[in-house]
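Generate coordinates for the entire structure from the input sequences, incorporating the hints supplied.
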Amino acid sequence: MPWSLLKEMTDDFSAARLVGKGAHGQVYKGVDKDGHAIAVKMLHGFHFDMEIEQMISIIPKVHHPNIVQLIGYCHEIEQVVVEYEGKHVIAAEIHNGLCFEYLPNGSLATYITPDDEDSGLDWQTRYRIIKGTCDGLKYLHEGLRSPIIHMSLNPSHILMDEKMTPKIAGFGSARLFGVENTNITMSPLGTMGYMPPEYIDKQVISKEFDIFSLGVIILKLMKGQKSYHEWDFMSPEKFIELVAHEKWGERLQKTMDVTLVEGHFQQVKKCLEIAVRCVEYDRQKRPTIGEIVRMLNETETSLIPQIDSGLLLHVHPLELTFMLSISLEVPRKKKAASMSSSCSLHLDNKGNDRVAFLLVANSPSRYLAKDPLCGVVPPRCIYTLTLTMCNNKQQALSMPSIDSGADYFTLHSVVVGQYELDKDTISAEYEEFFKKTKEKAGHEVQEVALNVICCQQQADCGTSSDSE
Numbered sequence: 005m006p007w008s009l010l011k012e013m014t015d016d017f018s019a020a021r022l023v024g025k026g027a028h029g030q031v032y033k034g035v036d037k038d039g040h041a042i043a044v045k046m047l048h049g050f051h052f053d054m055e056i057e058q059m060i061s062i063i064p065k066v067h068h069p070n071i072v073q074l075i076g077y078c079h080e081i082e083q084v085v086v087e088y089e090g091k092h093v094i095a096a097e098i099h100n101g102l103c104f105e106y107l108p109n110g111s112l113a114t115y116i117t118p119d120d121e122d123s124g125l126d127w128q129t130r131y132r133i134i135k136g137t138c139d140g141l142k143y144l145h146e147g148l149r150s151p152i153i154h155m156s157l158n159p160s161h162i163l164m165d166e167k168m169t170p171k172i173a174g175f176g177s178a179r180l181f182g183v184e185n186t187n188i189t190m191s192p193l194g195t196m197g198y199m200p201p202e203y204i205d206k207q208v209i210s211k212e213f214d215i216f217s218l219g220v221i222i223l224k225l226m227k228g229q230k231s232y233h234e235w236d237f238m239s240p241e242k243f244i245e246l247v248a249h250e251k252w253g254e255r256l257q258k259t260m261d262v263t264l265v266e267g268h269f270q271q272v273k274k275c276l277e278i279a280v281r282c283v284e285y286d287r288q289k290r291p292t293i294g295e296i297v298r299m300l301n302e303t304e305t306s307l308i309p310q311i312d313s314g315l316l317l318h319v320h321p322l323e324l325t326f327m328l329s330i331s332l333e334v335p336r337k338k339k340a341a342s343m344s345s346s347c348s349l350h351l352d353n354k355g356n357d358r359v360a361f362l363l364v365a366n367s368p369s370r371y372l373a374k375d376p377l378c379g380v381v382p383p384r385c386i387y388t389l390t391l392t393m394c395n396n397k398q399q400a401l402s403m404p405s406i407d408s409g410a411d412y413f414t415l416h417s418v419v420v421g422q423y424e425l426d427k428d429t430i431s432a433e434y435e436e437f438f439k440k441t442k443e444k445a446g447h448e449v450q451e452v453a454l455n456v457i458c459c460q461q462q463a464d465c466g467t468s469s470d471s472e
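Numbered according to this note's numbering, the sequence shown spans residues 5 to 472.
If you're looking for bench data, these hints aren't it; they were derived computationally from the structure.
Certain hints may be false.
As the list claims (entries may be wrong) - In the DSS-like style, the derived pairs of lysine-lysine whose C-alpha atoms are separated by at most 27 Å in a straight line are:
1) Lys242 to Lys135
2) Lys354 to Lys439
3) Lys135 to Lys206
4) Lys258 to Lys274
5) Lys167 to Lys25
6) Lys167 to Lys258
7) Lys65 to Lys142
8) Lys258 to Lys142
9) Lys374 to Lys289
10) Lys135 to Lys251
11) Lys289 to Lys142
What the hints assert, rightly or not - Just the calculated beta-carbon pair ranges, DEER-fashion:
12) Ala41 to Gly90: 42 to 50 Å
13) Glu436 to Ala373: 30 to 38 Å
14) Gln207 to Gln73: 57 to 65 Å
All values reported here derive from a predicted model rather than from experimental measurement.
Think of the CB as a built atom: it goes at the ideal place given N, C-alpha and C, for glycine as much as any other residue.
In structure tokens form, the structure reads like this:
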């Protein structure tokens with residue numbers, strides 16, 4: 005790509021387009037002529053030569069939904085007049101850049117908290133990140149004629165798209181492997197904390213290098229940036245039970261349908277078991293990425309929910325999380341819009357009857373829909389609601405934190421006949437219907453309380469400075 009085009013796409017590399025900085029360069033958000041966002045990484049000096057060689061030799065061979073895509077690159081030498089020792093001389097100004105698909109949710113490092121604090125990610129999202137990363141790594145190790153060893157797998161090199169789908173990036177240290185399964189290097193590679201002992205001691209490179217890095221990533225995603233080291237001071241079995249029960253047991257109970265808790269709890273334990281095996285000191289004891297993906301797939305088959313005839317509607321999630329972005333950079337008139345946040349609520353009718361519902365907020369003024377939400381879920385169907393919170397900055401700062409119980413919704417549900425409450429019935433009629441139904445003997449109205457949690461976060465910063 006020509007240098008002039010990169011300047012045009014990034015408004016001449018304006019500060020407003022800067023989304024990240026790293027040791028090797030800066031990352032800007034560019035927009036092409038069709039309006040598509042592109043991540044433009046401008047490289048310093050010799051780093052271009054190293055990275056572009058890797059990009060040209062490796063990335064064009066790789067096409068996978070969990071691996072970031074290289075769009076193009078720039079390497080131009082411009083003759084400019086500069087002052088040198090009191091004279092004007094002509095010098096060569098080198099412009100180096102790499103262009104990738106733009107991933108708006110930044111890197112995984114953003115979502116790994118220092119300790120056991122909540123990062124705002126539920127278990128299903130964390131699992132999708134783990135599984136997607138493993139799928140991408142499996143493609144690199146087992147899906148190509150010449151396997152690729154990443155050598156620098158860490159949270160900063162796992163980028164998230166708008167749907168929180170993970171994509172592996174950072175191929176500047178990657179190596180192509182042929183028939184040989186191991187290699188020796190004298191050049192320092194990798195990231196401290198993610199390098200296996202055999203590389204630190206003897207500079208041995210193998211697929212197990214990436215497996216070790218993967219294990220550290222999973223442990224940090226599930227336990228926290230610092231506290232995952234607790235496993236060094238106890239047996240693997242005790243560590244797995246400790247993390248599974250203390251960190252995830254109660255949280256799963258709060259955030260998902262009761263029929264799904266046990267299956268997801270076993271999935272949590274399996275991910276922890278995999279992670280602990282990945283960081284074995286002896287690399288021969290680490291599982292292959294193919295074995296890891298197979299084990300993860302097996303956990304998914306156990307998540308087929310069992311029908312509980314006692315529940316009219318299976319609800320997910322049981323805690324409604326709203327991610328509120330506060331930006332001090334936007335104009336005052338846009339602040340209110342930036343504060344809006346939405347959350348999806350899924351009502352699953354696994355039975356054979358029509359089920360009417362009425363969703364009532366205890367603080368309706370905080371939401372876009374001021375009236376109660378209502379409807380009828382047909383048999384064997386899932387009804388999805390989107391709840392939108394419209395708060396100004398002052399309201400957001402005063403929103404309840406986790407477990408405060410200050411803000412919540414109540415979901416009322418009851419079985420209805422074929423001709424009761426058609427699609428044109430307004431919410432006031434639903435309220436009257438539920439009121440009368442509760443007064444009738446033999447008509448069970450089920451109620452479920454859904455707590456509201458607000459997490460404040462900084463406004464979108466685009467993509468990681470280490471996007472490649």
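Violations among the numbered hints: 3, 8, 9, 13, 14
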